[in-house]
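Letter by letter, the chains look like this.
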Amino acid sequence: MSVTVQHLTKIYGSQKAVNNVSFSVSRGEIVGFLGPNGAGKSTTMKVATSYLPPTSGRVLVEGYDSAAQPMDVKRVIGYLPEHNPLYLDLYVHEYLSFSGKLYGMKGLQLRKRVVDMVERCGLGEEQNKKIESLSKGYRQRVGLAQALLHDPTVLILDEPTSGLDPNQILEIRNLIKDVSKDKTVIFSTHIMQEVEALCDRVVVINKGEVVADDTLHNLKSASASSAVVIIDFEVAVDVHLLSSLPGVNKVEKVDVTLPHRYRLYSQTGVDLRPEIFRFAADRNLSLIGLKQEEGSLENIFHSLTQKS
Amino acid sequence: MLQILAKEFSSFLNSLIAYIVMGVFLSAIGLLMWVFPETSVLDYGYADMFTLFSLGPYVFIFLIPAITMRSFAEEKKGGTLEILFTKPVSDWDIILGKYFACLLLVVLTLIPTVIYYFSISALGNPPGNIDTPGVIGSYIGLIFLAGAFCAIGILSSSITPNQIVSFILAAFLCYLVFAGFDSLAMLNVWSADALLIKQIGLLYHYDSLGKGLIDSRDLVYFISVIAIILLVTRINLGTRTW
Chain A
1 MSVTVQHLTK IYGSQKAVNN VSFSVSRGEI VGFLGPNGAG KSTTMKVATS
51 YLPPTSGRVL VEGYDSAAQP MDVKRVIGYL PEHNPLYLDL YVHEYLSFSG
101 KLYGMKGLQL RKRVVDMVER CGLGEEQNKK IESLSKGYRQ RVGLAQALLH
151 DPTVLILDEP TSGLDPNQIL EIRNLIKDVS KDKTVIFSTH IMQEVEALCD
201 RVVVINKGEV VADDTLHNLK SASASSAVVI IDFEVAVDVH LLSSLPGVNK
251 VEKVDVTLPH RYRLYSQTGV DLRPEIFRFA ADRNLSLIGL KQEEGSLENI
301 FHSLTQKS
Chain B
1 MLQILAKEFS SFLNSLIAYI VMGVFLSAIG LLMWVFPETS VLDYGYADMF
51 TLFSLGPYVF IFLIPAITMR SFAEEKKGGT LEILFTKPVS DWDIILGKYF
101 ACLLLVVLTL IPTVIYYFSI SALGNPPGNI DTPGVIGSYI GLIFLAGAFC
151 AIGILSSSIT PNQIVSFILA AFLCYLVFAG FDSLAMLNVW SADALLIKQI
201 GLLYHYDSLG KGLIDSRDLV YFISVIAIIL LVTRINLGTR TW
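As they're listed, the protein sequences go chains A and B. In terms of the working numbering, the first sequence is residues 1 to 308. In terms of the working numbering, the second sequence is residues 1 to 242.
By construction, these hints were calculated from the structure, which means they are not laboratory data. Wrong hints could be hidden among the right ones.
[Claimed, not checked] When the alpha-carbon atoms are kept at most 25 Å apart in a straight line, the in silico SDA-like pairs for lysine to any residue are as follows:
1) K76(B) x L216(A)
2) K130(A) x L16(B)
3) K76(B) x K181(A)
4) K130(A) x T239(B)
5) K181(A) x G28(A)
6) K106(A) x L96(B)
7) K77(B) x S133(A)
8) K77(B) x K177(A)
9) K106(A) x S90(B)
10) K16(A) x T239(B)
11) K106(A) x F9(B)
12) K101(A) x L5(B)
13) K112(A) x L2(B)
14) K136(A) x G122(A)
15) K183(A) x L216(A)
16) K129(A) x G78(B)
[Unchecked claim] Chain A stretches covered by chain B per the calculated footprint, using a threshold of three residues with CB under 8 Å from any CB of chain B:
17) 87-93
18) 102-112
19) 240-252
Backbone N, C-alpha and C fix where the C-beta goes; we use that ideal spot for every residue, glycine too.
Build out the structure end to end from the sequences listed, making use of the hints.
Written out as structure tokens, the structure is:
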């Protein structure tokens, strides 16, 4: 196990930010750490990076205890904090060298590594600028470059794509994918597509407690209590006719101006589509849309984090 | 520690802070020593550097908090302290790095005033008639005093994310620790303990060094004060509550 969180509890004053959280991440895995704002994602990460001491429980990173052996933990972790704080008055190169020196790198090795990171993170054109003059996307790259500089085995990224535009999100995502081949990556987010695009596994946390820890596929199939098919007709169809189709449990008319859209619910595992197609063909209705709805991640997220 | 010292110091040089501090200190002291008739050496009649060593600390009370106020406050506000604390450096490395960067700037600011020593020495009658050991002792005292002020400034900066609060707090504490105890001792309630109260303050030990006698007790006193203040800073930052 590369990162193991054991019964971690963190209390701020009287507020329990993290309550008895346990999960583990094995080497080479990319894990999405999901939860609504204020669920305790950042706090868990801060304890894992030895920034905050845990109230009880512990976090092991590559076998080192984050509270008892902070130096060893800090050496193997690359960390991108939330909001990506940077020294705005430094130049990109200067900042990366400073960061490298704190890991004890120096001389030619440091310079080569900085040049390498600048290239890898696509900072080539911006490398001689001050960080304050960079756009948000480039700042995020600088933050990532800083986290990757010392070639850590564990990467902890706290909302690496928050506040970026869709193109930048895609770029940062690809960058994370690219660098994460031989690393353990834990990243937090509340964007579902991100998890879908990057992760092997998801840990969902809500109000300081783990509510799900599974692969995406399992989560999706578990949450889909009913299969839904969305159909569009050119003309209005009687709802009762539709609900009389074999296998249909419930029919809902969806309010869109054009076309006439219906949602058909059935038992999981039943595919309604052939039946609907035959129904339309028999009655000579123009079926202009037919789509099976998957248990979407948003729904899973919603149902997991709204329960309590 | 050295990496942090170097980074802090270069950020002094890259911003205007270093130049403004040096410029203001040297102009203020220069005006006081050579121009303003009330404190000018030329009108005073004695070839000594009393003005520099008696008024220098008061200039420091304003300047040193201005140097130190950003050290932790700015990083707290910007969140970069989290970056620093998650790098493999100890809290002491960070505190001492920042502390010595500030002290280095102050010492550099003091260096040009050595010229005054030679000017006054040449102006004396006969030339060279100046209390050299006294000057050396005073310089040592001034540097240790600056060291204590820097420590106070760093502590104040570690308490708050607001630079202005940090500045005001540091200036007040510097004044209190420097001259406050002396003034307090003058209250007519202490009787025999007045000297003890006086000895708690920095001024007593600073004056003692200024006489040209480098007493190890004074040095131990200054070093202890600095160490205690930095220790409080370390404890305060160790709680990670901001």
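Now the hints, each set against the structure:
A C-alpha spacing of about 37 Å is found between K76(B) and L216(A), which places the hinted pair above 25 Å, so the restraint is violated. Between K130(A) and L16(B), the direct Cα distance comes to roughly 16 Å. Compliance with the 25 Å bound is thereby established for this hinted pair. A threshold of 25 Å between alpha carbons decides the hint, and for K76(B) with K181(A) the separation of about 34 Å lies outside it, so the pair is violated. For the hint linking K130(A) to T239(B), the alpha-carbon distance of about 33 Å lies beyond 25 Å, and the restraint is violated.
Distance restraint check for K181(A) and G28(A): the Cα-Cα separation of roughly 7 Å lies within the 25 Å cut-off, and the hinted pair is therefore satisfied. Distance hint between K106(A) and L96(B) is fulfilled; the C-alpha atoms sit about 21 Å from each other, no more than 25 Å. In summary, the hint linking K77(B) to S133(A) is supported, as the alpha carbons are separated by about 19 Å, within the 25 Å threshold. Restraint check for K77(B) and K177(A): not satisfied, since their Cα atoms lie roughly 31 Å apart, outside the 25 Å limit.
Taking the CA atoms of K106(A) and S90(B), the gap is near 19 Å; set against the 25 Å cutoff, the hint holds. Taking the CA atoms of K16(A) and T239(B), the gap is near 17 Å; set against the 25 Å cutoff, the hint holds. Restraint check for K106(A) and F9(B): the C-alpha separation of about 19 Å stays at or below 25 Å, so the hint holds. A distance of roughly 12 Å separates the Cα atoms of K101(A) and L5(B); the hinted pair therefore holds under the 25 Å criterion.
Simply put, K112(A) and L2(B) have alpha-carbon atoms about 22 Å apart, close enough for the 25 Å limit, and the pair holds. A threshold of 25 Å between alpha carbons decides the hint, and for K136(A) with G122(A) the separation of about 14 Å falls inside it, so the pair holds. Between K183(A) and L216(A), the direct Cα distance comes to roughly 20 Å. Compliance with the 25 Å bound is thereby established for this hinted pair. For the hint pairing K129(A) with G78(B), the CA-to-CA distance comes to about 19 Å; that is within 25 Å, so the pair holds.
Here's how the region 87-93 of chain A fares: 4 of its residues keep a CB closer than 8 Å to some CB of chain B, so the rule of at least three is met and the hint holds. Counting residues of the region 102-112 of chain A whose CB lies closer than 8 Å to any CB of chain B gives 3, which reaches the minimum of 3, so the coverage claim holds. Coverage of the region 240-252 of chain A by chain B is violated. Counting CB-CB distances below 8 Å, 0 residues qualify, and the rule asks for three or more.
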